[in-house]
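Participant: Chain by chain, the residues:
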Amino acid sequence: MIKLFAVIERDIKKFRRNPVVVMMSLLMPIVYLIILGNSFQGKLKDLPFAVVDNDSGVYSGRLIDNLRAVEAGAKTFSLIFLTDQKAAVDGVRDGIYKAALIIPPDYTKRVKLKKQAEAGLFLDNTDTVSAANIRALVKSATGSIREEYVPIREKPGDSYIREIDLYSMVDYYQTLVPGVVIMSIFLGTMTAGVFNLVMDRFLGIDESYLLSPLSKTEIVSGLVISGLIITTIIAVFVFIASMLITGIPLTSGIEQGFSIFIIIVLTTLALLSLMFVILGRAGHPRIVGIFSGFLNVIFFFPSGAIYPIESFPGWLRAFAKINPEAYAVHALKSVLFKGAGLGVILSDLIFLIIFTNVMMVIAILTFKRNM
Amino acid sequence: MQKPNAIEVSGLTKKFGDLTAVDNVSFNVSSDEFFGFLGPNGAGKTTLIRMLTTLLKPTSGRAVVSCCDVSEEPKKVRERIGVVPQAMTSDLDLTGFENMDLYGRFYSIPNRERKEKIKYLLDLVGLTARQNDLVATFSGGMRRRLEIARVLVHSPSILFLDEPTIGLDPQSRRVVWDFLEKFRKEDSMAIFLSTHYMEEAEALCDRVAIIDNGKIIALDSPNVLKSQLPGNDIISLTISDDSRLEEIQNAINSISFVHKVKPDGQTLRVYVDNGALNLTALLERVKEAGGVVTSVSIHELSLEDVFIHYTGKSIREEEAKKVNFFIGAGIPQKLGR
Ligand SMILES: Nc1ncnc2c1ncn2[C@@H]1O[C@H](COP(=O)(O)OP(=O)(O)O)[C@@H](O)[C@H]1O
Ligand SMILES: [Mg+2]
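From first to last, the protein sequence lines are chains B and U.
Be aware that the first sequence starts at 38, since it is given in the numbering used here, and climbs by one per residue.
Be aware that the second sequence starts at 2, since it is given in the numbering used here, and climbs by one per residue.
What the hints contain is simulated information worked out from the structure, not anything from laboratory work.
Because the structure is a prediction, the values reported are computed rather than measured.
Cβ atoms here follow ideal geometry from the backbone N, Cα and C, with glycine treated the same way.
Do not rely on the hints blindly, as some may be mistaken.
Capping the alpha-carbon separation at 25 Å, the derived lysine to any residue pairs in SDA-like fashion look like this [to be verified]: (1) B:Lys40 x U:Lys77; (2) U:Lys76 x B:Phe42; (3) B:Lys50 x U:Tyr108; (4) B:Lys50 x U:Met143; (5) U:Lys58 x B:Arg406; (6) U:Lys120 x U:Arg185; (7) U:Lys116 x B:Leu41; (8) U:Lys314 x U:Glu301; (9) U:Lys58 x B:Pro250; (10) U:Lys76 x B:Phe404; (11) B:Lys405 x U:Lys314; (12) U:Lys120 x B:Ile45; (13) B:Lys253 x U:Tyr108; (14) B:Lys405 x U:Leu20.
Just the calculated beta-carbon pair ranges, DEER-fashion [what the hints assert, rightly or not]: (15) U:Phe17 x B:Asn55: 32 to 38 Å; (16) B:Val57 x U:Ser11: 49 to 55 Å; (17) B:Phe295 x U:Lys76: 38 to 44 Å; (18) U:Gly141 x B:Val398: 40 to 46 Å; (19) U:Gly141 x B:Asn75: 46 to 52 Å; (20) B:Val381 x U:Lys120: 54 to 60 Å; (21) U:Gln172 x B:Asn55: 30 to 36 Å; (22) U:Gln172 x B:Ile390: 56 to 62 Å; (23) B:Ile39 x U:Gln172: 35 to 41 Å; (24) B:Asn55 x U:Asp207: 44 to 50 Å.
Taking the hints into account, I'd like the entire structure generated from these sequences.
Facilitator: Here it is in structure tokens:
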């Protein structure tokens, strides 16, 4: 035991003595939160939207008034009135407008006759988020004159409708918190744990450890435990900071906080042991650098932290089934947003425990005790 | 009863693919001996030490270190030995004291005893005043002394030193030598040192094995090794006109105090008795044979001459050729992995 403590103490001392590393580990996830919160799903503003009114009747006027209301209120788009239908459609194609609405000459007449009234909506489907927003807004504008429009020339399947009104800016921020906490755990496991081993190996310092009576298990678990302590502290700090930034209340106090702590600890262990399996034999810190970018994408995006797992194709869903970050995100979301207790997230926790144990066994078995 | 040997090696061999780094080596080291392994870079010194200290598995052969066979009971061996590897292994982010303390804890030495031992050793290597500074601020010589002190914390019965003064300036080298000598007088243990500096082997070791291309080519005390060479001094003569070299060689070969003449380019290496006394007579004879001497040097026989005698090349020349390897002390092995 005394040997194990020695290894742990050493790593923590070394970590503390690298203030830049400590600061980066704390700040990076928070900066991620701020960037993600503002770049992904901030409200869309001033999308250029061409309108060609060939009707100039009562109902086309009402439709345009509804659009003007959006333009004046939420400012999602700014309307550009054209007379040339072809110019409008070409403009969408050339990327000058995000969308073009063509109101046919018989629009008002058809509405009055209670026939199917059709207006054409041309959308720039390459920008799915903007297209979906405009579509939803136009839909509600036509809805309020009680008539359907039929979008034409839109390739089905290229876009999807997002019920944008459900999310306000702040809510979206909050939904990112589990992902940001997981991100901080991932970064922690990259700068602690196996990284120390690879660095020591690169510097040739590891030879003195291999020459000591430390066993494989002591070397590996010492590094994992010190990594656990360091990463947990980082993740808890990042969690508290993101709570303060986004204003999520801990509704059930201590119990909720405890559940989150348990999730952080188990996720950290799962990732630390996984890194040992993947990087345990790397000889150069550059390899860790290359892998960290790669692994971050591989584990983070399919974790459901940003898009729900339900939206993934089958193969990616299968991967999410063995991705520890997916379990961590699910558990954190349940506790944070649904107020779930430990019982509800038990299956997530059990997965993380089994995963850690399997990885630790592989890590110790494959660890090379000689040169 | 005679004490058991500290190290017993028989037929030890290590191959890396086609390359035989250590070739069928056998020797014993007694329990209080200072044993030296002398050879140029790439001779196989590090590879041998790594096998003896459980870091590398031998391809064949056997090595018993301290108590046990290195392949069968590596953990027991590790507990009884102290090893200073060729590359610097002290942790830059820790202080001198922390480096030693950490090491002592790996050997489960109780707190009080550990602290006392560290204090004693830091004093011995003259680092007491700097013990609370980060190793990153140490000079190469200080770092080396710390590393030697560090592996003594658990009182090993054998100390392995792989080129302990490589890369140190002459003054730091001398400090390390003095410390090893002093330490040796106070504690009795076997010391196994590898080096490519003949002065180092000569100054410190009871017995020296000279190794080249993985093979031991001579093994004895420095004095015995030197006494096996003819004469006791070498006079090197550089002749301006090398067309007369053979004639001159024959002329001086017949002198009674000359034992042997070896040409080396334009230089003649003349093995003589009492060089200082006989120099004038030798130069006289060269002149008679029609030679013009452009430079002369006399030196006492050294292990360098022993190496030249057995291999026909000098360690220094070998070093010059391998200078690129030398700079990366320990690194070539790493790349090979
Ligand atoms: N891991 C390795 N893989 C391949 N070749 C190696 C390895 N380690 C050492 N060698 C080679 O074995 C020979 C002996 O090396 P080494 O024991 O380091 O010599 P020394 O310590 O005497 O300088 C050299 O030719 C070296 O290149
Ligand atoms: Mg070497």
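Participant: State for each hint whether it applies.
Facilitator: Here's how the hints hold up against the structure:
no.	hint	result
1	B:Lys40 x U:Lys77	16 Å, holds
2	U:Lys76 x B:Phe42	20 Å, holds
3	B:Lys50 x U:Tyr108	20 Å, holds
4	B:Lys50 x U:Met143	22 Å, holds
5	U:Lys58 x B:Arg406	11 Å, holds
6	U:Lys120 x U:Arg185	18 Å, holds
7	U:Lys116 x B:Leu41	19 Å, holds
8	U:Lys314 x U:Glu301	18 Å, holds
9	U:Lys58 x B:Pro250	17 Å, holds
10	U:Lys76 x B:Phe404	16 Å, holds
11	B:Lys405 x U:Lys314	39 Å, violated
12	U:Lys120 x B:Ile45	24 Å, holds
13	B:Lys253 x U:Tyr108	15 Å, holds
14	B:Lys405 x U:Leu20	23 Å, holds
15	U:Phe17 x B:Asn55: 32 to 38 Å	36 Å, holds
16	B:Val57 x U:Ser11: 49 to 55 Å	53 Å, holds
17	B:Phe295 x U:Lys76: 38 to 44 Å	41 Å, holds
18	U:Gly141 x B:Val398: 40 to 46 Å	42 Å, holds
19	U:Gly141 x B:Asn75: 46 to 52 Å	51 Å, holds
20	B:Val381 x U:Lys120: 54 to 60 Å	57 Å, holds
21	U:Gln172 x B:Asn55: 30 to 36 Å	33 Å, holds
22	U:Gln172 x B:Ile390: 56 to 62 Å	58 Å, holds
23	B:Ile39 x U:Gln172: 35 to 41 Å	39 Å, holds
24	B:Asn55 x U:Asp207: 44 to 50 Å	46 Å, holds
Checked against the numbered hints given earlier, this structure breaks only hint 11.
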